[in-house]
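*Asks:* Sequence:
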Amino acid sequence: MVIKKIKNNNDETINFAAIEKKWQKKWEESKIFQTKEDNKKKKYYILEMYPYPSASFLHIGHVRNYTIGDIYARVKRMQGFNVLYPMGYDSFGLPAETAAKKQGIHPKKYTEESIKMIMKYQKALGNSYDWSRILASHEPEYYRWNQYFFLKMLEKGLAYRKKAPINWCEKCQSVLANEEAEGGKCWRCGEEVTEKELEQWFFKITAYADKLLEDLKKIDWPEKIKIMQKNWIGKSEGTEILFDINGKKWPIFTTRPDTLFGVTFMVISAKHPKLMSLVTKEHKKEADAFLKKIKSSKPEDIEKLDKEGFFTGSYAINPLSKDKIPIWAGNFVIAEYGSGMVMAVPAHDQRDFEFAKKYKIPIKLVVVPADEKFTSETLKEAYTGAGNIINSEAFDDLENIEAIEHITKALEAKKLGKKTTNYKIRDWLISRQRYWGTPIPVIYCDKCGIVPVPEKDLPILLPEKVDFKSKDNPLTTAKEFVNVKCPKCKSNAKRETDTMGGFVDSSWYFLRYCDNKNKEKPFDDKKVNYWMPVNQYIGGAEHAVMHLIYARFFVKVLKDLKFINFDEPFMKLFNQGIVYKDGAKMSKSKGNVVFQTDISDKYGIDTARLFLMFVASPDKQMEWTDEGVEGAFRIINKIFRLINKLTDSKNAEEESKINLLIKRVSENIETFDYPKSIVSLFDAINYFGEKGISKENYKILLKLISPFCPHTAEELWEKIGEKGFISLAEWPKVNEKKIDEKFEQLEKATDKTVQDILNILRIVKEKNGKEGEKVYIYAIPKELEGYNAEDIGRRINKEVKVFAVNDKKKYDPEGKASKAKPGKPGIYIE
RNA sequence: GCGGGGAUGCCAGAGUGGUCAAAUGGGCUUGGCUUAGGACCAAGUAGCUUAGUGCUUACACAGGUUCGAAUCCUGUUCCCCGCACCA
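Its first residue numbered -14, the first sequence is counted upward by one per residue in this note's numbering.
Keep in mind that a hint or two might mislead.
As the list claims (entries may be wrong) - Restricting the straight-line Cα-Cα distance to at most 20 Å, the calculated cross-link-like pairs of lysine to aspartate or glutamate (EDC-like) are: (1) K156 x E140; (2) K400 x D308; (3) K215 x D229; (4) K450 x E97; (5) K506 x E97; (6) K6 x E703; (7) K181 x D509; (8) K196 x E208; (9) K547 x D583; (10) K256 x E199; (11) K21 x D500; (12) K342 x D291; (13) K759 x D797; (14) K755 x E799; (15) K256 x E378; (16) K630 x E675; (17) K623 x E703; (18) K342 x E366; (19) K630 x D658; (20) K215 x E553; (21) K234 x E140; (22) K234 x E321; (23) K511 x D500; (24) K189 x E199; (25) K211 x E553; (26) K680 x E652; (27) K86 x E180; (28) K441 x E703.
Since the hints were derived computationally from the structure, they do not count as laboratory data.
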């Protein structure tokens, strides 16, 4: 490891690597970042999404993420909060299993080695984690509680098993939750998702749909994420209308009951399980051909397909008009939403319109806007706006908005329909046909059916000896695991070999941090209720409708099961931006990765932290360029050099500066405007580097820097003879009274004067061809002190004399003193 | 298609009605220091003009509101990120 050693003015060299090691060791040995519940102190729980330990390295994107949290944690700690800031690992998951398959390494070994590596790199960041609270979800001490919660949920009917068409990833050889199969592609490997019909385990997240939506109001999250969750939950209010089909009532969901009289056909999803019961003999051939076609087309193409379908031969009866309505099957109706069949109103719904045109189904107009004159025949596209109702018997002439209510009421009166709410969100599919996950604690018995494993038998340990070469779930190859006795009747039975998806693990890990060593319970409720909810959560936006919605669900369930007394896990959420390189996300496969060590080996980790926090707001995506790193490095060196500029006394100007600095830095850190904080710090460091600084204020400056550059700050803190850790020192408080704008103005006046002088010098040189030698400044008496001849002289590199305008002995051959104004002195150059 | 966020000087990025030719850092230019280099210090970095001034052109493009706009409104182009036939 090569460390760039930089000379400062005293020709000392600073060995950043040694300083980092020294303080990291001291922090660890003194356990200063370990926390306990303390009712006398206000708690603050700050958390970064726990990482998957796949990569045995960290790139600067990781460094950025972790630093964002660490700065906040450090400031909160210094501000006197009892800070919980833990780290752990999301260590179950497919990559470990793939490695096992390909390289013959056992997933456990692979995972544990990865954790060791990533921890080493994380520790080198110097973050103030409480490492004693570490957890990893692949450890039985953790996952046994997944099993425990599963059983609790099973008891309450919140976990259940059903056969359903599900998303299947051929490459991962596993099912995926809806949330994991976004856009028809596997979230992990990007492979096309196909559909399979399998029996699977689900958590009943739909039972919480409304709460999940409602409680978004309670939390301070980026609007974007809230909108994504809102859309995902997809609440829509409408009316359920019962249509009579072959003597049976079929509920049909619609948001437009006002158009009920405009229904000219029905469409059932071509994937509907009961489809064939509607297809008459005469249409069977057609149906088979169509279904074959659908199956053969890729999910990707289905989105682009035209609306197609066929007539089933069956009819429905419109409950109000009593019209006989043909039932079609169509590829554009979603089987799982509503009842999988829709009433089609071609005049007022674009999809229905297209379908009707294609198959020459009649179009019946029932809503007419006030000022337009079109008919069913002249309609070019569906009319979805407001208007008055026609062709609707008793409801004619009503405004359609009113008609919605009237028609719904009429249906309710006849028990032919009711007001209802529908959600897009589906139950959460948790089972995976994979080895490296939490075994689902149930047993299948021929006599007793699905039998939950008794709580006393937990944990169901994942057997280590399995055959990874098996194409199926390797777990099925562990015979002694699979073949068990039924807990109820003791006859031979089979154990469930599906495991839980990783999002179960990550749905409550933040609770376990509060009490990570508990052997009796998942956690002690007193401890959890003290620390939770998380005050500030930090992580990527990609989890908007996965982890972030599951965790909210889980917490709500645990509250209803009386494990905890709060119903939202994360009060504030911060999404960090992604670091790009060469226009793309950093990734190993693209080869555009900049490693933590690329920067830290050369300049030290404090430089890496400072630079990353300085160069762009943490929430913005940024393009990586290491061109500016030197700048951050120089500043750190300046901080070191400043120690040689300590003065004995402080003056009003210095006091003003430092208080303004405290104010700005504190405010900007609070809102994650780290670059602004750092700009203020840079300014101050440059200013004090020039003017010197009292020891007392240097201490303040070091404290303000410490969250960004903790090693540097500790080192200097020690150097100036302070005892104890700066990491535990009290965050400076502003004294607003000492902030005096006058000094800022004087500084600006000096800057302007310097510019003026240089400007004149240039003009003089151009005009007269001679260099000005001496510069005389005539300030009004009140401002005389604001102009320092030495300072200005150094800046313009000339000899400078400053006079008061009323100084009788001043040298002023051209009477320039008369030009002096407040904030703008007279200047004479010769 | 729908929803959200963007487009600022050579680069990265501040800036949301006047105090903005626009923070800060980098790069580049010039000067100082230095045997030299590095480091460090200072100045400059849209154009013209001027004893410290004034003007013009500028914050994707085109319009508009305003005494006044990088900042507000409208439209256009491009980029990113989500969702995608949800009845």
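*Asks:* Indicate, hint by hint, whether the structure satisfies it.
*Replies:* These are the hints, each one checked on the structure:
Only pairs whose Cα atoms come within 20 Å are accepted, and K156 paired with E140 is rejected, the gap being roughly 34 Å. With a C-alpha separation of about 18 Å, the suggested pairing of K400 with D308 holds against the 20 Å cut-off. The suggested pairing of K215 with D229 is violated, with an alpha-carbon distance near 34 Å, which exceeds 20 Å. A distance of roughly 17 Å separates the Cα atoms of K450 and E97; the hinted pair therefore holds under the 20 Å criterion.
The hinted pair formed by K506 and E97 fails the criterion: a straight-line CA distance of about 24 Å is larger than 20 Å. A hinted pair counts as satisfied when its Cα atoms are at most 20 Å apart, and K6 with E703 qualifies at roughly 15 Å. Restraint check for K181 and D509: the C-alpha separation of about 41 Å exceeds 20 Å, so the hint is violated. Our distance criterion of 20 Å between C-alpha atoms is met by K196 and E208, whose separation comes to about 18 Å.
Straight-line distance between C-alpha atoms of K547 and D583 comes to about 49 Å, which puts the hinted pair past the 20 Å bound. Between K256 and E199, the direct Cα distance comes to roughly 32 Å. Violation of the 20 Å bound is thereby established for this hinted pair. At roughly 10 Å between alpha-carbon atoms, K21 and D500 fall within 20 Å of each other, so this suggested pair holds. Proposed proximity of K342 and D291 is supported: the alpha carbons are some 12 Å apart, at most 20 Å.
Of the supplied pair hints, the one linking K759 and D797 holds, its CA atoms being roughly 12 Å apart against a limit of 20 Å. Restraint check for K755 and E799: satisfied, since their Cα atoms lie roughly 18 Å apart, inside the 20 Å limit. Between K256 and E378 the CA atoms are separated by roughly 35 Å; this puts the pair beyond 20 Å, and the hint is violated. The hinted pair formed by K630 and E675 meets the criterion: a straight-line CA distance of about 9 Å does not exceed 20 Å.
A hinted pair counts as satisfied when its Cα atoms are at most 20 Å apart, and K623 with E703 qualifies at roughly 17 Å. Taking the CA atoms of K342 and E366, the gap is about 10 Å. The hint holds against a cut of 20 Å. For the hint pairing K630 with D658, the CA-to-CA distance comes to about 30 Å; that exceeds 20 Å, so the pair is violated. About 16 Å separates the Cα atoms of K215 and E553, which keeps this hinted pair within 20 Å; it holds.
A C-alpha spacing of about 33 Å is found between K234 and E140, which places the hinted pair above 20 Å, so the restraint is violated. For the proposed pair K234 and E321, the alpha carbon gap of about 18 Å is at most 20 Å, so the pair holds. Our distance criterion of 20 Å between C-alpha atoms is met by K511 and D500, whose separation comes to about 10 Å. About 17 Å separates the Cα atoms of K189 and E199, which keeps this hinted pair within 20 Å; it holds.
For the suggested pair K211 and E553, the alpha carbons sit about 14 Å apart, so the restraint of at most 20 Å is met. Restraint check for K680 and E652: the C-alpha separation of about 24 Å exceeds 20 Å, so the hint is violated. Between K86 and E180 the alpha-carbon distance is near 25 Å, which puts this suggested pair outside the 20 Å criterion. The suggested pairing of K441 with E703 is violated, with an alpha-carbon distance near 54 Å, which exceeds 20 Å.
Violation of the numbered hints given earlier is confined to hints 1, 3, 5, 7, 9, 10, 15, 19, 21, 26, 27, 28; the remaining hints are satisfied by the structure.
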